[in-house]
Amino acid sequence: MECGIDAPSRVKMKMATLNIGKEFSIDPVGRYYSDSDASGEKFREEILRKKINALSENEKLTIILDDGVEAYGSSFLTEGFAGMVKYGYITSQELLGKIDIQFSDEDFFFYKEKVIQYIKEAKYNSEEYQSTK
Amino acid sequence: MKKITIKQREYDVKKGIEFRRGKAKKLPLCNRSRVNKYTDHAREWIDHHFHEALGLFINKNKAIITLPRVMNFSSEYDTTILYVTAIRILTDNNSGKPSGFLKLQRVNFNELEKISTSAALVLTAELSKWDDSIIQRLRPLVKDWKPHIVKQFYELGFFDLFKNNPLQGYELEKDEKSNLRLVKYIKGECGDSKKARLLREEVCTIVGDSIDKWTFLRSGLDEAITNVTQHAYPDKNNVSTVDKNWYLTGSYNKSKNILKVVFYDQGVGIPKTLPTSGVWERVQQILYKLPSFEQKNDEMLLKAAVELDRTSTGANDRGKGLHDLLEFIKKRGNGNLSIISRRGLYRFTLKDSDAKIKTVGFENPLLGTLIIWSVALTHPAE
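These protein sequence lines are chains X and C, in that order. Be aware that the first sequence starts at 216, since it is given in the numbering used here, and climbs by one per residue. Be aware that the second sequence starts at 3, since it is given in the numbering used here, and climbs by one per residue.
Warning: the hint list may mix true and false statements.
As the list claims (entries may be wrong) - With a straight-line Cα cutoff of 25 Å, these simulated PhoX-like cross-link-like pairs (lysine-lysine) come out:
id	chain 1	residue 1	chain 2	residue 2
1	C	K165	C	K148
2	X	K327	C	K333
3	X	K237	X	K313
4	C	K246	C	K197
5	X	K327	C	K215
6	C	K196	X	K327
7	X	K329	C	K196
8	C	K333	X	K329
9	X	K348	C	K197
10	X	K327	C	K165
11	C	K332	X	K329
12	C	K215	X	K237
Worth flagging that the hints you see were computed from the coordinates, not collected in a lab.
Work out the full structure, taking the sequences as your base and the hints as a guide.
Following this line, the structure appears as C-alpha cells:
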C-alpha cells in the first residue's frame with residue numbers, strides 16, 4: 216500500500232551571482248567615490264547591498280572575484296565588504312553566511328581570505344554612513 | 003645673451019669655498035643686486051647649495067643646470083637629490099617668487115653618463131611638471147647627449163613629452179649588447195588607476211613573458227595611487243589639478259634577469275600626511291617606544307606607517323594600504339621593496355625566506371614619494 220507520503224527533500228540553497236568584473240568594474244580600486252569611479256563605497260552602496268537585500272531566506276550570493284579583474288587593494292576590500300558591517304547593514308556572521316566567494320586564479324585565494332578577515336574584524340554599526348558622493 | 007666667463011665662475015667657486023670656511027659674509031651671485039631682496043625657503047636653499055657641486059650657471063636671472071655624470075638614489079643619492087630639488091625649486095610657480103627671482107632656462111644632459119631607472123623617472127616627472135607650467139614650450143637639444151642616454155630616455159618615452167619632438171622618425175638602433183629595456187612611462191592623475199593596467203602588457207613585452215604573482219604588484223600599485231588621491235596633494239597646498247600626477251615605469255635587465263617597477267608622485271610625502279590621516283593615533287602608539295627626538299623623524303614615521311597593519315588590532319580598517327606594497331615581494335619569495343619619502347627610506351628585502359628591513363634617514367629630502375619594486379625573475383622568460 217502506498218503511503219502517499221514523499222520522502223523528505225533537502226532544502227535547496229538558491230544561488231544568485233555577482234560577477235565583479237562584469238557587473239561592476241575590471242579595475243575596482245580605492246575607498247571612496249572621490250578615489251575612483253569604481254570605489255569600494257560605490258560597490259557597496261550600489262551593487263553589493265542591493266544584491267544582499269534581494270536574497271531570499273535560503274539564498275546565497277556567489278561572488279566571482281577574478282573575471283577580468285587584475286587585483287584588489289585593501290582600501291577597496293575593507294570599504295566594499297567590511298563596510299556592510301561597519302555601517303550596520305548586516306552583522307559579520309550574517310554576511311559571511313550569505314556569500315560564497317569564488318575564483319579560478321589560485322592567487323585570488325589571498326583576496327578571498329582578506330575579504331573574510333576584514334568582515335570578521337569589522338565592528339557592527341560602529342560608524343554612521345555619510346556618502347562622499 | 004651675456005654668458006658668465008670661466009674667470010667669473012672660478013671667482014664664484016673660490017668665494018663659495020671661503021664662505022664655507024667662514025671667511026666670507028655673502029655668497030657670490032651674479033647680478034645679486036638686481037634680484038629683489040627677500041627671504042624664503044627657495045632663496046635660502048639656492049644660496050645654501052650654490053657652493054656645493056651643483057652644476058649651476060647663472061646669467062642675470064636665468065639659471066642653467068648641467069646634470070652630473072651619474073644619477074641614482076643609492077650610491078649617488080645626495081647628488082641626485084640636489085639636482086632634482088634644484089629643478090623643482092627653480093620651476094615652481096607656487097612659491098610666490100618676485101619677477102626678478104632666478105628662473106630655470108635650461109637643463110644640460112651633455113655630461114650625463116649613467117642614470118638609474120628611478121632617477122630617470124623622477125627627472126622626467128620634474129621636467130614634465132616644468133613643461134606643463136610653461137604650456138609645453140620645452141625643446142630638448144640632444145646633439146651632445148651620450149647616445150646610450152638618448153636611447154634610454156627614448157625608451158622611457160621622455161621625448162614624447164614635447165610638442166617639438168626632436169626624435170620624430172628616430173629609429174632605435176638594435177643594440178644586441180644592451181641589457182636594459184625600459185617601459186614607456188605612464189603618467190596619471192589622482193583617481194586614474196585604470197592606466198596602471200597598461201603596465202602589465204608593456205612589462206610582458208620587454209621581458210618576453212608574463213610575470214608570476216602580477217596581481218600582487220597591481221594591488222600595491224592601486225594602493226599607491228589611492229594614497230596619492232587621498233593624501234599626497236592636500237588642498238591647503240594649493241596644488242593645481244594639472245600638477246596632481248603620478249608616474250610609473252618598469253625596466254628589465256636581461257643580463258641580471260631583474261625586473262624593476264618604479265612609481266613616483268610629487269606630493270608632500272608620507273611622513274607629512276600621517277598627522278592628519280585616520281591612522282595617526284595608531285602610528286603614535288608605535289612611535290612612543292622611541293626616544294622623543296626620533297619620534298618625528300621621517301625615517302621612523304615611514305617605518306611606522308608601513309608596519310601599521312602588522313601591529314593592527316583590527317579596531318580600525320584604515321592604514322593597510324602601505325602594507326599591500328610588500329605582498330608582491332612576499333608572494334614571489336625574493337626581491338626588495340624600497341620606499342623613499344621626504345627624508346626617509348624604508349627597504350624590505352626578502353631572500354631565501356630571510357626577510358630584512360632597513361631604514362635610512364637623509365639630510366636632504368626627496369620632494370615626493372618614490373616606490374621601487376625589484377625582483378629577480380626565475381627564468382629568462384617566466
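>> Are any of the numbered hints broken by this structure? If so, which, sorted upward?
In response: 10
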